[in-house]
Amino acid sequence: MAIVKAIIVAFLVKLGADEAKAWLPALAEWLVGVAVNRLDECERERYREEWSADLLTFPGEISKCVRALGMVCAGLRIGGMGIGPKIGAALSRVRGLRALERRLGAVFETYVLGISILLASVTENSSLSRWIHLPGFIYWVGIPPLIFLLFSPLCHRAISRLIGLRNRYSSRPSGQAQSPEEPGQIVGARAGERVEKTRDHC
Amino acid sequence: MTGPTLKVLGQLMDAPIKGLSGADVSKTTGIASGTLYPILFRLEKAGWLSSKWEDADASEMGRPRKRLYSMTSVGAQEARAAVSDILQGSGGLAWQS
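Heads up: the sequence lines are chains Y and H, in that order.
Take the first sequence: its letter number 198 is residue 198 in this note's numbering, and every next letter is one higher.
Take the second sequence: its letter number 17 is residue 17 in this note's numbering, and every next letter is one higher.
Treat the hints as calculated values from the structure; they're not laboratory data.
Nothing here was measured: the structure is a model prediction, and the numbers come from that model.
There's no promise every hint is true.
Which residues of chain Y face chain H? A few of them, derived with a C-beta cut under 8 Å, are [as the list claims (entries may be wrong)]: (1) E49; (2) E50; (3) A53; (4) L56; (5) R67; (6) I78.
Don't be surprised by glycine CBs; every beta carbon is placed ideally from N, CA and C.
From just these sequences and the hints, can you work out the full model?
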């Protein structure tokens, strides 16, 4: 019985190995396709041919796949040099949403607290004229807008100026020379300008 | 300038006139493709390198053409200047002192 089991296992392993060997070149090609799709359209054909030729210089199928995986990283890096501004814009939108969420959360919490104080007043005093007492009213009406203002970007900027913090994104002087080490970095003040500089070969 | 960039520049400065493909540079320097191609891309965009397809027809060869990279004259000058700056900054090479 053990011999039969060993034969079946060996057969299955051989079958799996053959299958993997047949699929690995296709996998490498697929990875090159994935890598190339990260690039600008005008660069895709060039890099598809260049990277396909590159893969052929490596003999083993596994080493080709490993090399192709590296090309996916390369594609992401090269493509990322162009999509930087888009990512930046998306991140700033997310940051804006988070700030809004924080502000709304603060206001909501404050109102919940205010309502709790009022409810406490209602339970303590049965008369309607007495349960809207002045401290509770001031808290309910005055504090939430104040907190909303404190969380607003305008207020953040004013506080940052007061305590001497500088915005690191705006501190870079515009028109700074472009070094070959980082041609994808922001050169001018506008992101569109940068895209033109990095993609003018198209 | 990073170590891999220096390696690539050094390799391409000693390259034959026809140039070296990315695979050749990768094999001699040991830099992985994920690092190598962004470096080549940046250097080419900066004008330090130029690239061209190998002089052969893909259909005749039965394989895709290689892209051959070579150093431009501007790139060679800039690379030498960058290397000398680095050497001055680090006080020179240990075996030269």
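Failing hints, ascending? Result: no hint breaks.
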